[in-house]
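Residue numbers (our numbering), protein chains in the order written: chain A, 2 to 578; chain B, 6 to 613.
Just so you know, these hints were derived from the structure itself, not from any lab.
Each hint should be verified, as a subset may be incorrect.
So the derived label-pair ranges between C-beta atoms look like this [said to hold, decoys possible]:
#1 B:R250 x A:F357: 24 to 30 Å
#2 A:G7 x B:E268: 18 to 24 Å
#3 A:A440 x B:E268: 40 to 46 Å
#4 B:D581 x A:F357: 51 to 57 Å
#5 A:Q417 x B:D378: 37 to 43 Å
#6 B:L57 x A:S305: 54 to 60 Å
#7 A:A464 x B:P489: 49 to 55 Å
#8 B:D354 x A:M234: 41 to 47 Å
#9 B:D460 x A:G7: 22 to 28 Å
#10 B:S106 x A:A44: 43 to 49 Å
#11 B:R250 x A:Q417: 18 to 24 Å
#12 A:P314 x B:G230: 37 to 43 Å
#13 A:P314 x B:D460: 24 to 30 Å
#14 A:A464 x B:D581: 36 to 42 Å
Below 16 Å or equal to it, Euclidean Cα-Cα: the simulated EDC-like pairs (lysine to aspartate or glutamate) are [said to hold, decoys possible]:
#15 B:K549 x A:D569
#16 A:K89 x B:D162
#17 A:K434 x B:D162
#18 A:K181 x B:D162
#19 B:K396 x B:E349
#20 A:K89 x B:D82
Fair warning: this is a prediction, and the values are worked out from it, not measured in the lab.
For each residue, glycine too, the CB sits at the ideal point set by N, CA and C.
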Amino acid sequence: MKPYRGLSLVALLLLATLVVFDLAIPRLVQRIIDEGIGKRDRALVIHTSLLMLAVSALSTLIAIGNNVTSVRVGEGVARDLRRALFLKMQSFSYGNLDRAQTGQLLVRLTSDVNAVKGLVQISLRIGTRAPLMMLGSLALMVSTSRDLALSLLPLLLVTSALIVFFVLKTEPLFRKVQLKLDALNGVLQENIAGARLVKSLVRAEREIERFGVANSELTDRSIAVSKFSSTMMPALTSCINIGTVVVIWAGGLQTIHGRLTLGQIVAFANYLLSTMTPLVLMTMLSNMWAAGFASLRRVEEVLSTEPEIRDRPDAKQLPAASRVDVRFDDVWFAYGENGEPADAEVSEAVLQGIAFAAQPGQMLAILGATGVGKSTLVNLIPRLYEVTRGAVLVQGLDVRDVTQASLLDRVAIVPQEALLFAGTVRENLAYGKPHATDAELEAAARAAQAHDFISQLPEQYGARVAPRGSNFSGGQRQRLCIARALVLEASILILDDSTSAVDIETEGKIQDALRARAGAGTLFVVAQRISSVLRADRILVLEHGRIVAQGTHAELLQSSPIYREIYDSQLGAGVPA
Amino acid sequence: MSDQPQRARDAAATAMAPGGPRPGVRIERARDTRGTLRRLGGYFSPFRAQLLFVSGCVVGYTLLGLLGPYLMGRAIDRYVGGHDASGLARTALWMLAAYLSSNLLQLVANWVMASVSQRALSDLRSRLFGHLQRLSMAFFDQRPAGELMSRLTSDIDAVNQAVSQNITSLLASVLSMVGIVVAMFVLDHWLALAAVLVVPLMLWFTRFVAVYTRRGFRELQKELGQLNAVMEEGLSGLRIVKIFRRTDAVVERFDRHNQSVYESSVYANSYALLLMPLTAVLGNLFVIVLAGLGGYLALAGLVSVGVIATFINYGQNFINPLRQLSNLYNTVQAALAGAERVFEVLDEDVEVDATGSAARRRFRGHVRFEHVDFGYTPGSTTIADMSLEAKPGELVALVGPTGAGKTTIVNLLTRFYELRSGSILIDGTDLRGLPKAALRRELGIVLQDTFLFSDSVLENIRYGRLDATDEEVMEAARLAEADPFIRLLPHGYQTRLAERGSNLSQGQRQLLAIARTILADPAILILDEATSSVDTRTEARIQKALLGLMKGRTSFVIAHRLSTIREATQILVIKDGAIIERGTHDQLLGQHGFYEHLYRSQFRGVAS
Chain A
2 MKPYRGLSLV ALLLLATLVV FDLAIPRLVQ RIIDEGIGKR DRALVIHTSL
52 LMLAVSALST LIAIGNNVTS VRVGEGVARD LRRALFLKMQ SFSYGNLDRA
102 QTGQLLVRLT SDVNAVKGLV QISLRIGTRA PLMMLGSLAL MVSTSRDLAL
152 SLLPLLLVTS ALIVFFVLKT EPLFRKVQLK LDALNGVLQE NIAGARLVKS
202 LVRAEREIER FGVANSELTD RSIAVSKFSS TMMPALTSCI NIGTVVVIWA
252 GGLQTIHGRL TLGQIVAFAN YLLSTMTPLV LMTMLSNMWA AGFASLRRVE
302 EVLSTEPEIR DRPDAKQLPA ASRVDVRFDD VWFAYGENGE PADAEVSEAV
352 LQGIAFAAQP GQMLAILGAT GVGKSTLVNL IPRLYEVTRG AVLVQGLDVR
402 DVTQASLLDR VAIVPQEALL FAGTVRENLA YGKPHATDAE LEAAARAAQA
452 HDFISQLPEQ YGARVAPRGS NFSGGQRQRL CIARALVLEA SILILDDSTS
502 AVDIETEGKI QDALRARAGA GTLFVVAQRI SSVLRADRIL VLEHGRIVAQ
552 GTHAELLQSS PIYREIYDSQ LGAGVPA
Chain B
6 MSDQPQRARD AAATAMAPGG PRPGVRIERA RDTRGTLRRL GGYFSPFRAQ
56 LLFVSGCVVG YTLLGLLGPY LMGRAIDRYV GGHDASGLAR TALWMLAAYL
106 SSNLLQLVAN WVMASVSQRA LSDLRSRLFG HLQRLSMAFF DQRPAGELMS
156 RLTSDIDAVN QAVSQNITSL LASVLSMVGI VVAMFVLDHW LALAAVLVVP
206 LMLWFTRFVA VYTRRGFREL QKELGQLNAV MEEGLSGLRI VKIFRRTDAV
256 VERFDRHNQS VYESSVYANS YALLLMPLTA VLGNLFVIVL AGLGGYLALA
306 GLVSVGVIAT FINYGQNFIN PLRQLSNLYN TVQAALAGAE RVFEVLDEDV
356 EVDATGSAAR RRFRGHVRFE HVDFGYTPGS TTIADMSLEA KPGELVALVG
406 PTGAGKTTIV NLLTRFYELR SGSILIDGTD LRGLPKAALR RELGIVLQDT
456 FLFSDSVLEN IRYGRLDATD EEVMEAARLA EADPFIRLLP HGYQTRLAER
506 GSNLSQGQRQ LLAIARTILA DPAILILDEA TSSVDTRTEA RIQKALLGLM
556 KGRTSFVIAH RLSTIREATQ ILVIKDGAII ERGTHDQLLG QHGFYEHLYR
606 SQFRGVAS
């Protein structure tokens, strides 16, 4: 807002001038009637008309000036606010993101910014102009005829009361309609999402009945609200109309007694209109104000959120090395509430005292059911989350002591959700390394077993990828994501359940290729499927946040009942030799 | 976000930028305005009497509203000028009566209209929903649920906006403009002529501004679309952006688009807002012309002060509708475009179905596919010349790589899609001769992604058979091994599930779906990767429930975990839309074919 103070001031000054000019017009009409027509002064009629024309032309220019400046301020504020929000969101760490939904953040960036913009613009235009007009008209009414103005006082009070009543009453009524509408949309949404179920159980009739109930409730509510809000306009116009009658009647009587001129009555009626119309307008604007302020609060909330993870002021660069070891020292982790550091003692901690070391070039697998903290564990390596207690060491350095940029240079992670961006296959593969050569991209795609299906696409590496990669199958997306990470040639590669949609045979080929290619690199594989971990140098079995067993496949089959149980549940008894 | 601030914003935007399109709202046009209008009108035809009444009210209140200023002029000229206090009082009372009855009529018209338009919309919604129930699965598959949803809700809302707020005001605006012109000419044709001359000037200005505004907003819309895409991607992909360290590139791209939006927005809005000072100026011009020319004429004794006052008042009533009209135009266009899309859905062909009783008939569960050909799109073939047979009570397993056509077989059996050629028979009856309802009542389907409603656990299970008693529901839950966990929920069977059951684990959702299917008691059971998204130890538990469910029913099981299907009476290996191997587990292993290859690949790591 600050850089726009000057421009805002200009806009407001122009606005004030505009109001003065607008108020001058009825005064000049009064002069024509009283002094021109009344005193039969033709020259005065012509002069005044020309004067009015000039005033009117000038006020147009001023109004345009006000528009241009206020639009610039409003749009400028919107642009800067969007930028500040976007930058802030980009600085969020995974912990921040877990608590905010993408959809919500997008709403902050779009609707909320728009509402704030609206707030700025009305403040610089109609929102300030209307009350100024009203006050000016009131003052002129009083100066024209105090008695007449006084006789209108009760009416003004009634009108104001009416407006307050409508403004206060409308919002809750509309909220009730919104609830009913949400309920109706809920039925519709479930019906569409569950279309297959509804069809297979032949439940169309029941669904129609459910919808019918929600629909008639909504309709009843809507009619009630519609009736209520359509009462406002006639009620307020009645007030204005009664005011006009009072002016004519009471004013006419005074004119008969010679205390007022005809021109003054006409001017008075005009002022009355310009007092009441802004009032009506302001009832409509009041909702916009409220929405604007609510949005402003939400925007400020985002802007005041601190990213959970930031580099320490004295953070070092992680020294370059191709052989990287990773160590977990009694690591505890719990998801904190609202960004507060969580208490690691509580039994709900996701990770409880995890300790292990991965040697350079090893393949380390982490096995466990959904929700036991496998992803969390690997996300701690590039410091996407902050450990609650203990330490994660890469190359012997605590990850909190090095810059995250240098850490991410060393670590490539393929997240669980295989998300691709709109663009071409090539652009997606080169995402982390925009200047990668075609040969590099192809080598990565081959290792990820993606080259074959890419080659079958009509445009091969130039093929379009739809937003979120929706034109590829789940398994293809996962393989593209693996290839994208491979292009980085990082010394630590983490596959976070990234082959769940790939068939077992292909998965085996990918793992073989990764091991052949990664050379000295360290490979972490998170999985639920036994077949994904068979090749690992070491398997960590995770349960309830703890490592309950570790070793190679063969060792674990002998030593760990839990591993054995998982193995049996997936592959069954009677393993062929 | 509540709907109400939006409405208010629209109203306020209307007040701020008359004639200009609402910022950020796409200006849409219906393709077939007349046809859509006629069809939409059809929904109002049951309310013909009420509409006629409303029209009467509108004519009444518009004319009475015009009477007021006329009486005002008369009061000024005849009684104030003639110093007649009692005449003044009489006229003032008449004025009051005219105004108040006008407002009263307006109120009545609004009330009737509120009820009529909401009821018509309610009918439209009901019809749309009913139609949706009869559309084929192909319709839903082709459209992402989110898109369909937002279209249906926002399109109906667009119609709602126009219908509930604007129909009467449109009528009233036009009427009052005509009325004012007539009244002015009756009072004084020279002044009227001068006043009316302002109108083409105004229209010309409006059009001039509208051309630039429309161009500006079209450009802005394009830029906004791009910025939104950048923001959407930057947010939904934020985690990827972070781990690939692409923040700078993303921000740079954002800045570029953000600046473009700023520039086009300033351009578009500056033009759109031009209309307000211009119309204000024209409003002033009106007053100036009337006062100046009127004063001149009054000096010549041709016109009275009262007439001038009446004219000025009329003038203001004349400009306002003119301002509203171009705004109404946009709202109405958006509504028509919305209505058109709603009608598009209504015009979708419904599923073909056989006539006959949909009542339940007990199948034995003998299923035969005879030379079935099928493709989802013309030209592509998903299933080619497939024949298979499942005898009552048999367990048939379908295995094969992703995309081989396993799920398609299920879709054909349930008749979610129509065959291209060949036939499917149940107990010797061709499916095409069977009403879908009768067929589907006998099919129990458990899918990978279980769908649950945001309702109680009890009602979700009961969805399988609506007339089941609570005891029967609980018995089904016990059979499905779901009873223990349900009892541990905060309110047991009465626990309300969150949207889509998201407060349950995958495994628990799956058990509820199984209980639901047990309750439905179908003759034929289809399990489409029913357990692939739960972890394997949970699966082992569910497996027990499933085996109980399969007993005595013909079952089709699709799975990619071979361990789950070893019990099958026959295993069909599907590849590229055809059955390439069939037999029991042991037979297939003995064939040393594709099945053996699939099976062994699970153990490769062990073998090597």
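So, going through the hints one by one against the coordinates:
{"no.": "1", "hint": "B:R250 x A:F357: 24 to 30 Å", "verdict": "holds, 27 Å"}
{"no.": "2", "hint": "A:G7 x B:E268: 18 to 24 Å", "verdict": "holds, 20 Å"}
{"no.": "3", "hint": "A:A440 x B:E268: 40 to 46 Å", "verdict": "holds, 41 Å"}
{"no.": "4", "hint": "B:D581 x A:F357: 51 to 57 Å", "verdict": "violated, 45 Å"}
{"no.": "5", "hint": "A:Q417 x B:D378: 37 to 43 Å", "verdict": "holds, 39 Å"}
{"no.": "6", "hint": "B:L57 x A:S305: 54 to 60 Å", "verdict": "holds, 59 Å"}
{"no.": "7", "hint": "A:A464 x B:P489: 49 to 55 Å", "verdict": "holds, 50 Å"}
{"no.": "8", "hint": "B:D354 x A:M234: 41 to 47 Å", "verdict": "holds, 45 Å"}
{"no.": "9", "hint": "B:D460 x A:G7: 22 to 28 Å", "verdict": "violated, 59 Å"}
{"no.": "10", "hint": "B:S106 x A:A44: 43 to 49 Å", "verdict": "holds, 45 Å"}
{"no.": "11", "hint": "B:R250 x A:Q417: 18 to 24 Å", "verdict": "holds, 20 Å"}
{"no.": "12", "hint": "A:P314 x B:G230: 37 to 43 Å", "verdict": "holds, 41 Å"}
{"no.": "13", "hint": "A:P314 x B:D460: 24 to 30 Å", "verdict": "violated, 54 Å"}
{"no.": "14", "hint": "A:A464 x B:D581: 36 to 42 Å", "verdict": "violated, 22 Å"}
{"no.": "15", "hint": "B:K549 x A:D569", "verdict": "holds, 15 Å"}
{"no.": "16", "hint": "A:K89 x B:D162", "verdict": "violated, 34 Å"}
{"no.": "17", "hint": "A:K434 x B:D162", "verdict": "violated, 46 Å"}
{"no.": "18", "hint": "A:K181 x B:D162", "verdict": "holds, 14 Å"}
{"no.": "19", "hint": "B:K396 x B:E349", "verdict": "violated, 43 Å"}
{"no.": "20", "hint": "A:K89 x B:D82", "verdict": "violated, 69 Å"}
Going down the numbered hints, you'll see the structure goes against 4, 9, 13, 14, 16, 17, 19, 20, while the others check out.
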